[in-house]
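S.K.: Build the full structure now, drawing on both the sequences and the hints.
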Amino acid sequence: MTKRKRNTEYQREKRGSVTKEEYEKQRKKQKESKVDQLKVLIKEHPEASNYKLSKMLEVSEAYIRKLKKQIL
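Sequential numbering of the sequence shown, starting at 1, is according to the UniProt record's numbering.
A couple of the hints might just be wrong.
As the list claims (entries may be wrong) - No more than 25 Å apart at the CA atoms, straight line, and that leaves these computed lysine to aspartate or glutamate pairs for DMTMM-like: (1) Lys43 x Glu32; (2) Lys25 x Asp36; (3) Lys28 x Glu58; (4) Lys34 x Glu22; (5) Lys25 x Glu13; (6) Lys68 x Glu44; (7) Lys39 x Glu58; (8) Lys14 x Glu32; (9) Lys5 x Glu21; (10) Lys39 x Glu9; (11) Lys55 x Asp36; (12) Lys3 x Glu21; (13) Lys68 x Glu32; (14) Lys68 x Asp36; (15) Lys3 x Glu13; (16) Lys52 x Glu21; (17) Lys25 x Glu61; (18) Lys5 x Glu22; (19) Lys3 x Glu32; (20) Lys29 x Glu58; (21) Lys43 x Glu58; (22) Lys34 x Glu21; (23) Lys29 x Glu13; (24) Lys5 x Glu32; (25) Lys66 x Glu47; (26) Lys34 x Glu47; (27) Lys68 x Glu47; (28) Lys25 x Glu44; (29) Lys43 x Glu61; (30) Lys29 x Glu44; (31) Lys69 x Glu44; (32) Lys31 x Glu58; (33) Lys68 x Glu24; (34) Lys20 x Glu9; (35) Lys25 x Glu47; (36) Lys34 x Glu61; (37) Lys31 x Glu21; (38) Lys69 x Glu24; (39) Lys66 x Glu32; (40) Lys28 x Glu9.
What the hints contain is simulated information worked out from the structure, not anything from laboratory work.
M.R.: Following this line, the structure appears as structure tokens:
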């Protein structure tokens, strides 16, 4: 292990940061959760616009469109 890598890991532990892999796992879980929530909202409110769905989920309209693409 190089000195730089060792220092990076030390600084990460000191700050309480997580590794990139752990961070990506957390983000993936959050995204899956939002997809599940969106599916439920679409079933309950099939006529709702992206704007209304974004307000219900408290995310942007662009993110709603991105999630909808994954669902389809």
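S.K.: With reference to the structure, classify each hint as holding or not holding.
M.R.: Consistency of the hints with the structure:
1. Lys43 x Glu32: The given pair, whose Cα atoms are some 17 Å apart, holds under the 25 Å limit.
2. Lys25 x Asp36: Since the Cα atoms of Lys25 and Asp36 sit roughly 17 Å apart, the hinted pair holds (cutoff 25 Å).
3. Lys28 x Glu58: holds (18 Å)
4. Lys34 x Glu22: holds (19 Å)
5. Lys25 x Glu13: holds (18 Å)
6. Lys68 x Glu44: holds (15 Å)
7. Lys39 x Glu58: holds (15 Å)
8. Lys14 x Glu32: With a Cα-Cα distance of about 30 Å, the restraint between Lys14 and Glu32 is violated, given a limit of 25 Å.
9. Lys5 x Glu21: holds (16 Å)
10. Lys39 x Glu9: violated (39 Å)
11. Lys55 x Asp36: Judged against 25 Å, a Cα distance of about 16 Å means the pair holds.
12. Lys3 x Glu21: holds (21 Å)
13. Lys68 x Glu32: Given pair Lys68, Glu32 holds - Cα atoms ~12 Å apart, limit 25 Å.
14. Lys68 x Asp36: Distance ~11 Å between Lys68 and Asp36 Cα, so the pair holds.
15. Lys3 x Glu13: holds (15 Å)
16. Lys52 x Glu21: Status violated; Cα separation ~34 Å.
17. Lys25 x Glu61: Holds - the C-alpha atoms of Glu61 and Lys25 are around 24 Å apart, at most 25 Å.
18. Lys5 x Glu22: holds (17 Å)
19. Lys3 x Glu32: violated (38 Å)
20. Lys29 x Glu58: It holds: about 17 Å lies between the C-alpha atoms, which stays within 25 Å.
21. Lys43 x Glu58: holds (18 Å)
22. Lys34 x Glu21: holds (20 Å)
23. Lys29 x Glu13: Holds, because 23 Å separates the two Cα atoms, which is no more than 25 Å.
24. Lys5 x Glu32: violated (32 Å)
25. Lys66 x Glu47: Roughly 18 Å between the alpha carbons, so the hint for Lys66 and Glu47 holds.
26. Lys34 x Glu47: Answer holds: Lys34 to Glu47 is near 19 Å, not above 25 Å.
27. Lys68 x Glu47: holds (14 Å)
28. Lys25 x Glu44: Not OK: Lys25 and Glu44 at ~29 Å, beyond 25 Å, violated.
29. Lys43 x Glu61: Satisfied, since the Cα-Cα distance of roughly 18 Å is no more than 25 Å.
30. Lys29 x Glu44: holds (23 Å)
31. Lys69 x Glu44: Holds: Lys69 and Glu44 sit about 19 Å apart, inside 25 Å.
32. Lys31 x Glu58: holds (13 Å)
33. Lys68 x Glu24: holds (21 Å)
34. Lys20 x Glu9: Distance ~12 Å between Lys20 and Glu9 Cα, so the pair holds.
35. Lys25 x Glu47: violated (33 Å)
36. Lys34 x Glu61: Measuring from Cα to Cα gives roughly 13 Å; hence the hint holds.
37. Lys31 x Glu21: holds (15 Å)
38. Lys69 x Glu24: holds (20 Å)
39. Lys66 x Glu32: holds (12 Å)
40. Lys28 x Glu9: Holds, at about 23 Å.
Against the hints set out earlier in the document, violations occur for numbers 8, 10, 16, 19, 24, 28 and 35.
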